[in-house]
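In order, the protein sequence lines correspond to chains F and R.
Heads up: the first sequence begins at 8 in the numbering used here, then just goes up one per residue.
Heads up: the second sequence begins at 8 in the numbering used here, then just goes up one per residue.
Worth double-checking, as some hints may not be accurate.
Since copy identity is lost for identical chains, a pair holds within one copy or between any two.
Here are the computed lysine to any residue pairs in the SDA-like style, where the Cα-Cα straight-line distance is at most 20 Å [claimed, not checked]:
#1 K461 - R48
#2 K454 - A54
#3 K461 - P178
#4 K223 - G339
#5 K76 - L226
#6 K275 - P261
#7 K223 - P331
#8 K461 - I12
#9 K223 - A321
#10 K461 - G190
#11 K487 - P193
#12 K275 - A233
#13 K223 - A74
#14 K454 - W137
#15 K76 - P470
#16 K461 - L473
#17 K461 - H379
#18 K461 - S128
Just so you know, the hints here were simulated from the structure itself, not pulled from any lab data.
In case you want the letters, here they are:
2 protein chains.
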Amino acid sequence: MNPNIMNGAESLLRTFVASGIDICFANPGTSEMHFVSALDRAPGMRAVLGLFEGVVTGAADGYARMAGKPAVTLLHLGPGLANGLANLHNARKGEVPVINVVGDHATAHRAYDAPLTADVSAFARPVSHWLVSTRDASTAAADGARAVQAARAAPGQIATLILPADAAWSPAERPAPPLPVQGPVPVSHEALAQAAEALRAGSAALLLRHAAARGKGLLAAGRIAAATGARLFCDTFAPRLERGAGRVALERVPYRPEPALAMLDGVKTLILVGGQPPIAFFAYPDQPSQLTPQGCTPLVLSHPHEDGTAALEALADLIGARGPARLAARGGFDLPADGGLDPAAIAAIVGHHLPEGAVVIDESVTGSFAHHRFLDGAAPHDVINLTGGAIGDGLPMATGAAVACPDRKVICMQADGSAMYTLQALWTQARYGLDVVTVIYANRSYKVLVEELKAVGAATTSPTALDMFDITRPHLDWVKLAAGMGVEGVRVETTRALSEALKSAVTARGPRLIEAVY
Amino acid sequence: MNPNIMNGAESLLRTFVASGIDICFANPGTSEMHFVSALDRAPGMRAVLGLFEGVVTGAADGYARMAGKPAVTLLHLGPGLANGLANLHNARKGEVPVINVVGDHATAHRAYDAPLTADVSAFARPVSHWLVSTRDASTAAADGARAVQAARAAPGQIATLILPADAAWSPAERPAPPLPVQGPVPVSHEALAQAAEALRAGSAALLLRHAAARGKGLLAAGRIAAATGARLFCDTFAPRLERGAGRVALERVPYRPEPALAMLDGVKTLILVGGQPPIAFFAYPDQPSQLTPQGCTPLVLSHPHEDGTAALEALADLIGARGPARLAARGGFDLPADGGLDPAAIAAIVGHHLPEGAVVIDESVTGSFAHHRFLDGAAPHDVINLTGGAIGDGLPMATGAAVACPDRKVICMQADGSAMYTLQALWTQARYGLDVVTVIYANRSYKVLVEELKAVGAATTSPTALDMFDITRPHLDWVKLAAGMGVEGVRVETTRALSEALKSAVTARGPRLIEAVY
Numbered sequence: 008m009n010p011n012i013m014n015g016a017e018s019l020l021r022t023f024v025a026s027g028i029d030i031c032f033a034n035p036g037t038s039e040m041h042f043v044s045a046l047d048r049a050p051g052m053r054a055v056l057g058l059f060e061g062v063v064t065g066a067a068d069g070y071a072r073m074a075g076k077p078a079v080t081l082l083h084l085g086p087g088l089a090n091g092l093a094n095l096h097n098a099r100k101g102e103v104p105v106i107n108v109v110g111d112h113a114t115a116h117r118a119y120d121a122p123l124t125a126d127v128s129a130f131a132r133p134v135s136h137w138l139v140s141t142r143d144a145s146t147a148a149a150d151g152a153r154a155v156q157a158a159r160a161a162p163g164q165i166a167t168l169i170l171p172a173d174a175a176w177s178p179a180e181r182p183a184p185p186l187p188v189q190g191p192v193p194v195s196h197e198a199l200a201q202a203a204e205a206l207r208a209g210s211a212a213l214l215l216r217h218a219a220a221r222g223k224g225l226l227a228a229g230r231i232a233a234a235t236g237a238r239l240f241c242d243t244f245a246p247r248l249e250r251g252a253g254r255v256a257l258e259r260v261p262y263r264p265e266p267a268l269a270m271l272d273g274v275k276t277l278i279l280v281g282g283q284p285p286i287a288f289f290a291y292p293d294q295p296s297q298l299t300p301q302g303c304t305p306l307v308l309s310h311p312h313e314d315g316t317a318a319l320e321a322l323a324d325l326i327g328a329r330g331p332a333r334l335a336a337r338g339g340f341d342l343p344a345d346g347g348l349d350p351a352a353i354a355a356i357v358g359h360h361l362p363e364g365a366v367v368i369d370e371s372v373t374g375s376f377a378h379h380r381f382l383d384g385a386a387p388h389d390v391i392n393l394t395g396g397a398i399g400d401g402l403p404m405a406t407g408a409a410v411a412c413p414d415r416k417v418i419c420m421q422a423d424g425s426a427m428y429t430l431q432a433l434w435t436q437a438r439y440g441l442d443v444v445t446v447i448y449a450n451r452s453y454k455v456l457v458e459e460l461k462a463v464g465a466a467t468t469s470p471t472a473l474d475m476f477d478i479t480r481p482h483l484d485w486v487k488l489a490a491g492m493g494v495e496g497v498r499v500e501t502t503r504a505l506s507e508a509l510k511s512a513v514t515a516r517g518p519r520l521i522e523a524v525y
Numbered sequence: 008m009n010p011n012i013m014n015g016a017e018s019l020l021r022t023f024v025a026s027g028i029d030i031c032f033a034n035p036g037t038s039e040m041h042f043v044s045a046l047d048r049a050p051g052m053r054a055v056l057g058l059f060e061g062v063v064t065g066a067a068d069g070y071a072r073m074a075g076k077p078a079v080t081l082l083h084l085g086p087g088l089a090n091g092l093a094n095l096h097n098a099r100k101g102e103v104p105v106i107n108v109v110g111d112h113a114t115a116h117r118a119y120d121a122p123l124t125a126d127v128s129a130f131a132r133p134v135s136h137w138l139v140s141t142r143d144a145s146t147a148a149a150d151g152a153r154a155v156q157a158a159r160a161a162p163g164q165i166a167t168l169i170l171p172a173d174a175a176w177s178p179a180e181r182p183a184p185p186l187p188v189q190g191p192v193p194v195s196h197e198a199l200a201q202a203a204e205a206l207r208a209g210s211a212a213l214l215l216r217h218a219a220a221r222g223k224g225l226l227a228a229g230r231i232a233a234a235t236g237a238r239l240f241c242d243t244f245a246p247r248l249e250r251g252a253g254r255v256a257l258e259r260v261p262y263r264p265e266p267a268l269a270m271l272d273g274v275k276t277l278i279l280v281g282g283q284p285p286i287a288f289f290a291y292p293d294q295p296s297q298l299t300p301q302g303c304t305p306l307v308l309s310h311p312h313e314d315g316t317a318a319l320e321a322l323a324d325l326i327g328a329r330g331p332a333r334l335a336a337r338g339g340f341d342l343p344a345d346g347g348l349d350p351a352a353i354a355a356i357v358g359h360h361l362p363e364g365a366v367v368i369d370e371s372v373t374g375s376f377a378h379h380r381f382l383d384g385a386a387p388h389d390v391i392n393l394t395g396g397a398i399g400d401g402l403p404m405a406t407g408a409a410v411a412c413p414d415r416k417v418i419c420m421q422a423d424g425s426a427m428y429t430l431q432a433l434w435t436q437a438r439y440g441l442d443v444v445t446v447i448y449a450n451r452s453y454k455v456l457v458e459e460l461k462a463v464g465a466a467t468t469s470p471t472a473l474d475m476f477d478i479t480r481p482h483l484d485w486v487k488l489a490a491g492m493g494v495e496g497v498r499v500e501t502t503r504a505l506s507e508a509l510k511s512a513v514t515a516r517g518p519r520l521i522e523a524v525y
């Protein structure tokens with residue numbers, strides 16, 4: 008190989024950089040060597056190492072939600088991609104842009120069924136909106152430009168490029184220029200008129216998702232609510248929200264049938280802005296999957312690929328909602344007196360200490376229902392939720408969000424059972440000095456499953472079932488686990504101790520972990 | 008739900024037990040609740056909890072290699088299966104039997120694209136020889152019997168049964184009786200005659216895999232070698248071997264082109280017993296993928312599904328090889344004087360202390376090339392290798408092997424970078440008091456990748472590439488990581504300290520970890 012001749016890997020990398028993609032979360036192997044070594048010849052792309060592919064893909068998810076553009080993941084053949092699939096599933100459900108580059112065996116080597124040979128396309132297909140296997144080095148750059156275009160199409164897609172080793176190492180001609188990106192498209196006048204009519208008729212509500220749940224869209228929704236009395240909702244699994252004092256507050260629709268139907272009771276028209284009608288997370292015997300109450304009609308204002316922000320502003324104008332939105336006031340997170348911890352206490356303490364502009368990652372699972380109540384009055388911040396139900400996205404998303412937002416504090420509110428799926432993310436946080444405070448909700452059980460056991464009508468006295476949801480034998484020691492990966496940690500069991508630990512952690516810089524036991 | 012009426016989950020479970028399947032490695036969620044709670048009503052199946060699905064599937068792999076029959080894995084929808092795919096890939100490449108039960112949403116719920124909805128079949132297909140999605144509760148038992156039959160077909164297959172939640176919770180009629188299992192079939196007389204002719208012609212060698220590399224097959228191969236001078240080989244990634252003093256020693260063919268071709272030089276006929284001709288692990292520019300030297304012809308004695316053991320015994324008789332096989336002598340692992348550690352020193356010390364009947368798991372990657380040289384003269388033991396190149400199977404396989412063989416010491420020789428993929432296995436070892444000693448090869452780098460960088464012709468001076476293969480910033484502290492999951496650990500840096508730690512660990516019972524730094 009002559010290092011002075013551009014190879015396929017370098018042409019691809021230069022194409023990404025030219026298209027504005029500048030972060031690569033990587034867990035490379037032999038088949039990705041040429042891509043990795045091109046990083047030094049083609050400046051403009053920063054490589055961030057993860058020790059497990061679920062960390063890599065989850066970091067790309069968190070990065071894109073905050074950066075508003077995709078990162079590249081660099082994965083090693085079928086098994087490497089397989090390890091990253093669960094968090095790609097989450098990104099897909101959140102319609103978050105990700106560009107995967109999956110190295111594969113050299114084309115001629117595929118025939119021999121080597122140990123690592125697998126059907127990479129088959130692994131990729133269920134999570135990919137766009138999927139191409141590069142033919143040879145001469146097409147790598149063009150495929151890369153198309154991958155970026157696909158990933159960035161509104162609201163965001165998963166683009167997977169399979170790069171055979173010989174397409175990476177063989178000579179290529181040139182990088183490819185960026186392609187135009189399909190941004191959000193305007194909604195139709197009919198959609199606006201129908202929504203305006205529903206608002207005028209009364210008992211309407213708005214369910215916001217994607218960009219419409221932030222910034223100008225959220226403010227316009229607040230004006231509409233002030234003018235018409237319409238309630239404002241978000242779904243449990245919104246990819247990203249703005250929240251806190253001085254912002255328009257949203258009611259979060261629960262994912263279980265009974266409380267969701269109760270919350271939506273009385274709504275006659277549910278106007279959907281960028282999202283779907285509410286559905287149950289799981290099916291339960293004799294309970295509905297669709298959570299739109301009887302007598303309530305869903306009405307689409309904007310589909311996910313449409314411009315919900317502009318639609319809300321136009322809608323507010325159309326109905327004459329020119330008055331101010333009602334904004335959440337600071338407060339509501341009074342510190343509990345010294346005592347034991349529970350999710351409400353944790354949320355209140357986080358709310359009290361939250362720095363302005365923080366990014367909150369919420370994978371606290373059973374802990375998360377307390378958040379909105381306590382964090383609506385905290386300093387203004389962004390919230391990232393688990394979108395696809397595949398636990399183990401929290402620590403990685405926090406890692407990626409910190410890479411995207413080096414000047415903002417990232418707070419990861421993380422259930423213990425779920426944290427175990429991708430705990431390797433802590434090492435990446437330590438390596439790059441990322442400014443993340445992880446609060447482990449150490450309830451020491453798969454608590455959500457104990458509750459689900461009841462909900463699905465299985466015997467709640469089953470000792471084997473309860474044994475499967477108990478993670479106390481042995482206790483996980485999160486302070487030791489964090490220390491093993493170079494992250495400073497502390498265990499707290501009282502509100503006072505948590506408050507002190509959090510205060511210290513948010514004023515310092517760099518990764519910290521707080522194990523909150525309850 | 009009336010707990011007195013058998014549901015689909017219970018009928019499936021009783022079918023498994025009736026078919027001789029009695030271990031379930033599980034990471035269940037809501038959709039698997041009814042299967043889990045049936046465990047108390049249908050005795051005979053032991054459930055073993057893993058905190059990550061890669062642990063569950065890797066444990067099933069290790070269990071089956073030692074138990075000679077499959078375990079059930081219990082996985083939670085598409086993402087849960089996705090997390091287990093890499094180690095199912097390893098099991099598939101090793102032709103190891105595994106039965107996956109993947110819970111899915113209730114049938115009617117699938118239409119709603121809930122957060123966890125995914126194409127479970129698409130995730131399963133690349134790793135599954137047999138794949139069925141159960142229609143309803145009345146077919147669950149029959150599907151279960153067919154899954155067992157498929158998994159147990161010689162030499163072993165991956166059978167995946169997707170179980171919708173309603174098929175689990177709805178009433179079923181009865182369990183299904185076991186189905187006949189397709190055992191290994193006899194090889195043809197022609198195959199025997201051709202192999203005998205090649206042996207008589209001289210310069211023949213045998214390459215053994217699967218059951219033929221153990222017990223009577225191995226002994227017969229040893230008699231053939233003694234009578235004809237034929238060399239005996241195994242491939243780098245043999246699923247399971249018998250090794251040690253008093254056994255027939257095999258030469259392990261390396262996976263890189265040059266040394267493999269050198270080792271096989273002079274062989275005119277390579278007689279394949281249960282395996283494929285040697286191939287390179289990766290393709291390298293300007294190097295061959297097929298590692299059969301020029302002038303050497305591969306000849307199949309037995310395919311993987313055929314009875315290689317009987318074939319070797321018949322072949323030995325046919326050529327009149329009635330004399331004794333040459334057996335490895337005890338020794339060859341002289342303890343190095345006190346000094347620093349390297350893979351050879353670690354292998355020698357393990358060889359010295361290895362208890363008879365131990366099960367050795369080898370995922371030491373760059374460390375493993377020293378093993379055969381030093382362990383051929385150790386006490387007789389079994390060896391399990393990484394079969395599919397998907398790192399992160401070692402700790403889980405050790406866990407499963409210990410469940411299969413509670414009376415044998417399991418020694419897991421494990422590279423540090425690979426160990427990070429599925430470190431959660433240590434928790435399962437602690438929870439069930441499994442008798443596993445993990446030796447972490449703490450070279451603190453993806454050392455194999457530094458070597459591969461050279462092999463594929465990429466720039467070895469690339470600082471970014473070298474940074475991607477360096478895991479020293481920060482150091483992983485394996486003693487703390489183990490302690491965080493309830494496993495006692497110790498760090499050693501000299502041959503004397505390793506020897507003392509290993510001696511103590513093999514005489515104690517229960518999980519231990521030794522971090523061997525070099």
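message: Treating 20 Å as the Cα threshold, decide for K76 and P470: within, between, both or neither.
response: Neither, since 47 Å and 27 Å both go past 20 Å.
- request: Classify it for me, K461 with I12: is the Cα-Cα distance of at most 20 Å met within a copy, between copies, both or neither?
  value: between (64 Å within a copy, 18 Å between copies)
- prompt: Can you tell me if K223 and A321 fall within 20 Å by alpha carbon in one copy, between copies, both or neither?
  reply: within (11 Å within a copy, 81 Å between copies)
- request: Since the copies are identical, ignore which copy is meant and state whether K76 and L226 lie within 20 Å (CA to CA) inside a copy, between copies, both or neither.
  value: neither (23 Å within a copy, 62 Å between copies)
task: Since the copies are identical, ignore which copy is meant and state whether K275 and A233 lie within 20 Å (CA to CA) inside a copy, between copies, both or neither.
output: Within one copy only: 18 Å inside a chain, 87 Å across chains, cut-off 20 Å.
query: What label fits K223 with G339 when the C-alpha limit is 20 Å: within, between, both, or neither?
result: neither (25 Å within a copy, 75 Å between copies)
message: At most 20 Å between CA atoms: does that hold for K275 and P261 within a copy, between copies, both, or neither?
response: Within. Shortest intra-copy distance 19 Å satisfies the 20 Å Cα cut-off; inter-copy 70 Å does not.
message: With identical chains, the pair K487 and P193 could be close in the same copy or across copies; at 20 Å between alpha carbons, which is it: within, between, both, or neither?
response: Classified as neither: same-chain Cα gap 52 Å, cross-chain 55 Å, threshold 20 Å.
- request: At 20 Å max between alpha carbons, let me know whether K461 reaches L473 within a copy, between copies, both or neither.
  value: Within one copy only: 11 Å inside, 52 Å across.
- request: Using 20 Å as the alpha carbon limit, work out where K461 and P178 are close: within a copy, between copies, both or neither.
  value: between (61 Å within a copy, 18 Å between copies)
task: Check K461 against G190 for me: Cα-Cα at most 20 Å, and say if that holds within a copy, between copies, both or neither.
output: neither (45 Å within a copy, 43 Å between copies)
message: Checking an output row: K223 and A74, CA cutoff 20 Å. Within, between, both or neither?
response: Within. Shortest intra-copy distance 18 Å satisfies the 20 Å Cα cut-off; inter-copy 62 Å does not.
Hint violations for this structure: numbers 4, 5, 10, 11, 14, 15, 17 and 18, all remaining hints satisfied.
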